[in-house]
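**Q** As given, the protein sequences belong to chains Z and X, one line each in that order. Start counting the first sequence at 40; every next residue gets the next number (the numbering used here). Start counting the second sequence at 2; every next residue gets the next number (the numbering used here).
Hints should not be assumed to be uniformly reliable.
Which residues of chain X face chain Z? A few of them, derived with a C-beta cut under 8 Å, are [what the hints assert, rightly or not]:
id	residue
1	D86
2	A89
3	R90
4	L106
5	R108
6	L117
7	P118
8	Y121
9	G123
10	R165
11	D200
A few chain X positions that, by computed beta-carbon distances, are all more than 12 Å from chain Z [what the hints assert, rightly or not]:
id	residue
12	D26
13	V29
14	G42
15	R129
16	H148
17	S233
What follows is a list of derived Cβ distance ranges for each label pair [unchecked claim]:
id	chain 1	residue 1	chain 2	residue 2	range
18	Z	L58	X	A50	40 to 48 Å
19	X	G102	Z	L415	28 to 36 Å
20	Z	L434	X	A212	45 to 53 Å
Rather than coming from a laboratory, the hints here were simulated on the basis of the structure. None of these values were measured; they are calculated from a predicted model. From the three backbone atoms N, C-alpha and C, an ideal C-beta is built for every residue, glycine too.
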Amino acid sequence: MNVLASLRTALRALRKNKLRSLLAMLGIVIAVGAVVATVSIGQGAQAKVAAQMESLGSNLLMVLPGSVAMHGVATGSGATQTLNRDDAAAIEKELTNSVAAVAPINRTGAQIVYGDQNWFTQVQGTTAAYLQVRGWPLAQGEAFGREEDAAAAKVCILGKTVADKLFVPGAPVVGEQIRVKHVPCKVIGVLASKGQSSWGQDQDDVVLVPWSMAVRRLIGTQSDAVGQLMISARSPQMVDDAEREITALLKQRHHLSEQADPDFQIRNLAEMQDAAKQNTQTIAVLLGSVALISLVVGAIGIANVMLVSVTERTREIGIRMAVGARGRDVLFQFLTEAVVLASVGGVIGLLIGIVTSKWMAIKFEWPTLLSPPVMLGTMLLAGFAGIVAGFYPALRASRLDPIDALRFE
Amino acid sequence: MDRSSNGNAPVVQTRELEKIYKMGDVEVRALRGVSLSIGGGEFVAVMGASGSGKSTFMNLIGCLDRPTRGSYLLNGEDVGRLSRDQLARVRGRQIGFVFQGFNLLPRTTAIENVELPMLYQGIPARERHQRSSEALARVGLGDRLDHTPAQLSGGQQQRVAIARALVNRPTLLLADEPTGNLDSRTSVEVMGIFQELNDQGLTVLLVTHEADISDHARRVVTFKDGLVLSDSRVERRRIAREELLEEATA
Ligand SMILES: Nc1ncnc2c1ncn2[C@@H]1O[C@H](COP(=O)(O)OP(=O)(O)OP(=O)(O)O)[C@@H](O)[C@H]1O
Ligand SMILES: [Mg+2]
Numbered sequence: 040m041n042v043l044a045s046l047r048t049a050l051r052a053l054r055k056n057k058l059r060s061l062l063a064m065l066g067i068v069i070a071v072g073a074v075v076a077t078v079s080i081g082q083g084a085q086a087k088v089a090a091q092m093e094s095l096g097s098n099l100l101m102v103l104p105g106s107v108a109m110h111g112v113a114t115g116s117g118a119t120q121t122l123n124r125d126d127a128a129a130i131e132k133e134l135t136n137s138v139a140a141v142a143p144i145n146r147t148g149a150q151i152v153y154g155d156q157n158w159f160t161q162v163q164g165t166t167a168a169y170l171q172v173r174g175w176p177l178a179q180g181e182a183f184g185r186e187e188d189a190a191a192a193k194v195c196i197l198g199k200t201v202a203d204k205l206f207v208p209g210a211p212v213v214g215e216q217i218r219v220k221h222v223p224c225k226v227i228g229v230l231a232s233k234g235q236s237s238w239g240q241d242q243d244d245v246v247l248v249p250w251s252m253a254v255r256r257l258i259g260t261q262s263d264a265v266g267q268l269m270i271s272a273r274s275p276q277m278v279d280d281a282e283r284e285i286t287a288l289l290k291q292r293h294h295l296s297e298q299a300d301p302d303f304q305i306r307n308l309a310e311m312q313d314a315a316k317q318n319t320q321t322i323a324v325l326l327g328s329v330a331l332i333s334l335v336v337g338a339i340g341i342a343n344v345m346l347v348s349v350t351e352r353t354r355e356i357g358i359r360m361a362v363g364a365r366g367r368d369v370l371f372q373f374l375t376e377a378v379v380l381a382s383v384g385g386v387i388g389l390l391i392g393i394v395t396s397k398w399m400a401i402k403f404e405w406p407t408l409l410s411p412p413v414m415l416g417t418m419l420l421a422g423f424a425g426i427v428a429g430f431y432p433a434l435r436a437s438r439l440d441p442i443d444a445l446r447f448e
Numbered sequence: 002m003d004r005s006s007n008g009n010a011p012v013v014q015t016r017e018l019e020k021i022y023k024m025g026d027v028e029v030r031a032l033r034g035v036s037l038s039i040g041g042g043e044f045v046a047v048m049g050a051s052g053s054g055k056s057t058f059m060n061l062i063g064c065l066d067r068p069t070r071g072s073y074l075l076n077g078e079d080v081g082r083l084s085r086d087q088l089a090r091v092r093g094r095q096i097g098f099v100f101q102g103f104n105l106l107p108r109t110t111a112i113e114n115v116e117l118p119m120l121y122q123g124i125p126a127r128e129r130h131q132r133s134s135e136a137l138a139r140v141g142l143g144d145r146l147d148h149t150p151a152q153l154s155g156g157q158q159q160r161v162a163i164a165r166a167l168v169n170r171p172t173l174l175l176a177d178e179p180t181g182n183l184d185s186r187t188s189v190e191v192m193g194i195f196q197e198l199n200d201q202g203l204t205v206l207l208v209t210h211e212a213d214i215s216d217h218a219r220r221v222v223t224f225k226d227g228l229v230l231s232d233s234r235v236e237r238r239r240i241a242r243e244e245l246l247e248e249a250t251a
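Next up, chain X with everything else stripped away, as it sits in the complex:
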């Protein structure tokens, strides 16, 4: 069995992953053969210039889209063979997705937003309610259950989205520029949540432009023109909890 960089059994394993977008006669080769292995419990940051294929890669890993060529094993299962419904099931059970634009349902309370993934797994109402309040408490929003997105700050909205991504206890957390719409302090707070989750064993894969943010990960993969340019460990890792403490004392 393939070993990933941290020695654990791989959660994500791609081989020569390609994605070609066809727009009329024009072909855009967004991914041109990405082979990557991410072990359980890893915290990987994906970086690269705009248009290098980061989001395309994340969407494939998140089972929101299918590759044009190549294979992708999620927890050892070949996702390429799955039907639409089976992919939906994988998204619901094994993957939590955090977007740059939050993607919360408008005019819907925080707790209802967090309950959403459980709705499709047939979890009874009482358990749904209990688990979503717990998840919201975990991201520090225990007192904002009935606020709608419009009544929350950007950072709070992103935390609701994180709670939603966690509530079905996924094995893989994906975040595409989760701090892209947030100020630096709030970004560090959000990274703190990711680090905490990762410390508890959750595999995290996030896309970012900023070195400040990627330094919170344990491993950085850089994309260029649809290919992996570099793949390295973070030498001096930042710890969000300490940064916030320093800031408070300064």
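Next up, chain Z with everything else stripped away, as it sits in the complex:
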């Protein structure tokens, strides 16, 4: 019996028992649908996190004041003042091999006013290096330079969200005077949009001002203490070198021995990325195993129905054998039925999975990523499940004795 003939025979047999066939494949439908949908959600999330990490800037290192030990005590990083502008300048000047740019950052919340519009946002005092470190281009205007920093010049760069809140669309922004915490300030640039961070914060809701302007005029202190340093290494491979060298240099500057605990912390983006990746991978593995289990359950469903079917059709098997069917013909027939059940269930499940994935993407603005290899792999797995599930029942059918099968009531 050739493949085409047995396929037709299988389809006919399955059609004769529509409801049972449908119930038999239900497990596989759900399993494949679940695999396709959940993996697409998992991969979408993974891709989103990766993209957001990327948007933080490449090769990023963050240096925070205060030691890990000190953080255990409720000092709060704002209270510790172990990093200052001179540290930043020293890193920039002495570690030119590994470090590309160093941006000191001090933050404060402030009310921004333009005309009758006002908006509360975060003001970051920093230097032009910040844009380089974050890999953040300007949409309009230009950045401030060393002179503005030295003079604590009353200039600012607006994030996209802030510009949208204060100005009507299309109105000139650069060159306008706004007030930041009552300090009149000239807008010299607008940042390109960067969107949400991985923890859901709007990164465009920000105003950048020269570091000295923020510290002296807005925060109002003569201290040189820095809230944090954002540093970019020259290349991804240099991140570890940069981290080691910065640690050594800062310890030396802070008169700490090599063995002593540092009074600062360095975090690098690669570590954070790894952590995030691991999280999403754990979720993916979890979803995947649930899906695999449901596939096994689906296969058991098919095996169960096939066993019942073989018993019920013992007489049919006897008739087929009486007219010349060999054991392998009968085996092949029932195996084909099982594989057809699993494959049809797989295709239906695939469609349901795709629809679910797209629906989630639209309804919950959840990024989903349908990957062809995963879909193909799941389908193959479903077909394989059919073979495994159908094998034992088919073998039983093929081993029946013709005369016993014919006599079966």
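We have chain Z already, so just place chain X with the ligands on it with the hints.
**A** Below, chain X with the ligands without anything else, positioned relative to chain Z:
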């Protein structure tokens, strides 16, 4: 070479055929040594009381079952040595089997039922279709190709079964009480088909309880308790075609 009663080379040749069914400790000796030779083109009726071993014998001849002892040559070939698959091949190619209970696949059209034996001989779809419509036409069902067994009368179902038995052009047609479920007129019609096939050279072996039916054969073998009791020619053979004609004119 052994000659059978009509002088042709034997199609079926059994020697001391025995079949013992074991049911736990109890042994049922269904056949106790049957030696029989049936030549090509013969039409043999097997008779005997219920339980005398007729069906057991037919199943052995049809290669559906294996004997406990004894030998069976089909067209000169020792069937006892064949494997399961080889037996299936013999059933498919050399033997056509007609059962009392028809044994058609339910919810399957007449033509699909008739195509079934060809499916396992690798015959292409077009030829399958053509040969099965021809076989059905031959048994007078050319206009019932797409009827399922449930949509056919008992006589029509038995004709579908006969068409199925013929479609692979076997050398031996076996029928175990083919008229057992049919009324007398339909029985005569079915016997008419068998006689026609036999006239064309097909060897026919059938089991029946009724003398009316066995009179259509050329030779009658009677079984008793698993042995051949008698083996004789039919003296006044009935011809189904004439009976039907008579009935029509009466
Ligand atoms: N599968 C079986 N298992 C056990 N005993 C069997 C089996 N088949 C038949 N027999 C026994 O073998 C003997 C012969 O049975 P068989 O069916 O050949 O009789 P038969 O001549 O065809 O009878 P009938 O005219 O009633 O059909 C009987 O005693 C029966 O009980
Ligand atoms: Mg019987």
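**Q** If a hint holds in the structure, say so; if it doesn't, say that too.
**A** Hint-by-hint comparison with the structure:
1. D86: 5 Å, holds
2. A89: Status holds, d = 4 Å.
3. R90: The hint holds - X/R90 has a Cβ within 8 Å of chain Z, the shortest such distance being about 7 Å.
4. L106: 6 Å, holds
5. R108: Because about 5 Å separates X/R108 from the closest Cβ in chain Z, which is inside the 8 Å limit, the hint holds.
6. L117: 5 Å, holds
7. P118: 4 Å, holds
8. Y121: 4 Å, holds
9. G123: 7 Å, holds
10. R165: 7 Å, holds
11. D200: 25 Å, violated
12. D26: The claim holds: X/D26 sits with its nearest Cβ about 20 Å from chain Z, beyond 12 Å.
13. V29: 15 Å, holds
14. G42: Holds, because the least Cβ-Cβ distance between X/G42 and chain Z comes to about 23 Å, which exceeds 12 Å.
15. R129: 9 Å, violated
16. H148: Consistent with the label, X/H148 stays out of reach of chain Z, its closest Cβ about 16 Å off (over 12 Å).
17. S233: 30 Å, holds
18. Z/L58 / X/A50: 40 to 48 Å: 47 Å, holds
19. X/G102 / Z/L415: 28 to 36 Å: Since the Cβ atoms of X/G102 and Z/L415 sit about 48 Å apart, the hinted range of 28 to 36 Å is violated.
20. Z/L434 / X/A212: 45 to 53 Å: Between Z/L434 and X/A212, where Cβ atoms are some 47 Å apart, the hint holds.
Hints 11, 15 and 19, counting from the list given before, are not met by this structure.
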